[in-house]
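A.B. asks: Next come the chains, spelled out residue by residue.
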Amino acid sequence: MTTFTPNRQPGERLVKLATWLFDEPTRSTFVLPALADFQQELRVAGESPGRRLTAYVRGYAAFARLVVAAPFIVPSAPMGGPVTTFVVGKHGGNLLLVLALALFAAIRPLFGWFAVAVVGLGVMLAIVLRVWNNHHADSRATAADPLLSLLAVALFAAIWSMFGWFVLAAVGGGVVMAVALRRWNTRHPTKYPPASDRAMPGAEINLSSIPVAGDFGGLLFVIGAIVTVLLGLPDIRWFVLASVVAGAVLAGVLFLWRSPRTATFVPANSILRR
Amino acid sequence: MTAPHVPSLPPKERLILDLLIANGPLFGLQLVAMSDGALKRGTVYVTLGRMEAKGFVRSEQEVMPPGAIGLPRRVYYPTPLGERVMRAWSRLASELLPEMQS
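Top line first, the protein sequences correspond to chains A and B.
Per the working numbering, the very first residue in the first sequence carries number 53; after that it's consecutive.
Per the working numbering, the very first residue in the second sequence carries number 18; after that it's consecutive.
Bound-form chain B, shown alone:
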């Protein structure tokens, strides 16, 4: 019998969830700036797209003020599932950490 599929949480996705939960909704560029080089401009959206497909984050298009020009940015929010996955991950990591370090 195969185990039920559990969504994975790679380090970059963990970092993004961590930043979103700690700081609230953020633009991609803000995530890059807060990551201390761990996230790159451009490819951060590939990670965010994957997380959106998994249901960890959701996004909305920025509401542009009247008369504003340029492309609207996307703002990202953590979903309740994303927050639960992050909590579960933190619990798992804190339980396993002593064994992994020994």
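The shape of chain A in the complex, shown without the other chains:
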């Protein structure tokens, strides 16, 4: 069992690991205090093997939780460590890239060169968007709209030859859905503050930034998107079904976890109140 000696202290390896995983502000603000707690618990445990084991388990578990959680919950900070920077990238970009490549590798047999063309188109548009945003940083919240519209038009044009009239039906369905959502939101205005009142961390193509939480419109949007995809790609119905089940389980867990903390502040027009 590790003991406290001037030469080697418990948690020393974790401190070294932390220098590789985290940048300095994150290390000193979040990681080292947690490791100091670990050492304190070991000191309090004394020589009792059971209590020392408990302290070790708790200390390593706390460190593991920080490693997993920090890149997602610490604003901008934890990307500075060499390993984390390589694996995660700025704002999770590397992870997203790997995810996107895996997705395209999966659909490549289904779509052939069309998938490669879409990847190329996506990369070009991403570069254009990035350059545009860099030059128009002050108005980027609205300025990207024309380019996003262009992206949508280009994607529909690209898949026209494959899906034919289905594309037109999808566009028509999308327009009808947009009108229905607008009417619903006009009649049932959200209690959340408007996007202009919230801090905007910067324009990114990120579905989690779309403010549909709590709205019936959000549910309609999701159902519409799933039905549209299933109509176009019936072969992936089992994958979609498994995703829906997994999503429902995750939503249930999140709901149970959050409900005691947020129940009194659910907006009046939330799905939870229907």
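Hints listed in this document are in silico derivations from the structure and should not be mistaken for laboratory results.
Wrong hints could be hidden among the right ones.
Said to hold, decoys possible - Simulated DEER-style distance windows between Cβ atoms:
hint, chain 1, residue 1, chain 2, residue 2, range
1, B, 109, A, 169, 52 to 60 angstroms
2, B, 41, A, 281, 53 to 61 angstroms
3, B, 41, A, 298, 39 to 47 angstroms
4, A, 220, B, 72, 52 to 60 angstroms
5, B, 28, A, 277, 28 to 36 angstroms
6, A, 76, B, 108, 33 to 41 angstroms
7, A, 161, B, 23, 51 to 59 angstroms
8, B, 39, A, 101, 31 to 39 angstroms
9, B, 111, A, 97, 18 to 26 angstroms
10, A, 121, B, 85, 54 to 62 angstroms
11, A, 105, B, 111, 19 to 27 angstroms
12, A, 225, B, 53, 44 to 52 angstroms
13, B, 109, A, 275, 49 to 57 angstroms
As the list claims (entries may be wrong) - Away from chain A, derived, C-beta distances all over 10 angstroms, residues of chain B:
hint, residue
14, 58
15, 72
16, 100
Built from N, CA and C at the ideal position, the CB exists for glycine as well.
Given the coordinates of chain A, work out where chain B should sit on it, guided by the hints.
C.D. replies: Relative to the frame of chain A, chain B by itself:
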């Protein structure tokens, strides 16, 4: 015209402020122990870091006695702003509670 930015006070931050105001300066581990499982080892410092950035708490490094070994811990104090935010929150909650329950 947009409303001025008012700092938010999520449940975990509320709990931490509550504990600090009621008990005085505390270490992270003490906050975890007093929270009955609401705060977790490790990630409590993420919440505390966010609160420090908002100005709700301040922290100091523990003064280690001579000859002591190991990493120094951080001790957390509520700031006057944190205390005022907590008072405002309590007033707001007590005013809205009857309506929210009906």
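A.B. asks: Run every hint past the structure and note whether it holds.
C.D. replies: Cross-check of the supplied hints:
{"no.": "1", "hint": "109/B <-> 169/A: 52 to 60 angstroms", "result": "holds, 55 angstroms"}
{"no.": "2", "hint": "41/B <-> 281/A: 53 to 61 angstroms", "result": "holds, 56 angstroms"}
{"no.": "3", "hint": "41/B <-> 298/A: 39 to 47 angstroms", "result": "holds, 46 angstroms"}
{"no.": "4", "hint": "220/A <-> 72/B: 52 to 60 angstroms", "result": "holds, 55 angstroms"}
{"no.": "5", "hint": "28/B <-> 277/A: 28 to 36 angstroms", "result": "holds, 32 angstroms"}
{"no.": "6", "hint": "76/A <-> 108/B: 33 to 41 angstroms", "result": "holds, 40 angstroms"}
{"no.": "7", "hint": "161/A <-> 23/B: 51 to 59 angstroms", "result": "holds, 53 angstroms"}
{"no.": "8", "hint": "39/B <-> 101/A: 31 to 39 angstroms", "result": "holds, 36 angstroms"}
{"no.": "9", "hint": "111/B <-> 97/A: 18 to 26 angstroms", "result": "violated, 43 angstroms"}
{"no.": "10", "hint": "121/A <-> 85/B: 54 to 62 angstroms", "result": "violated, 30 angstroms"}
{"no.": "11", "hint": "105/A <-> 111/B: 19 to 27 angstroms", "result": "violated, 45 angstroms"}
{"no.": "12", "hint": "225/A <-> 53/B: 44 to 52 angstroms", "result": "holds, 50 angstroms"}
{"no.": "13", "hint": "109/B <-> 275/A: 49 to 57 angstroms", "result": "violated, 36 angstroms"}
{"no.": "14", "hint": "58", "result": "violated, 4 angstroms"}
{"no.": "15", "hint": "72", "result": "holds, 15 angstroms"}
{"no.": "16", "hint": "100", "result": "holds, 22 angstroms"}
Against the hints set out earlier in the document, violations occur for numbers 9, 10, 11, 13, 14.
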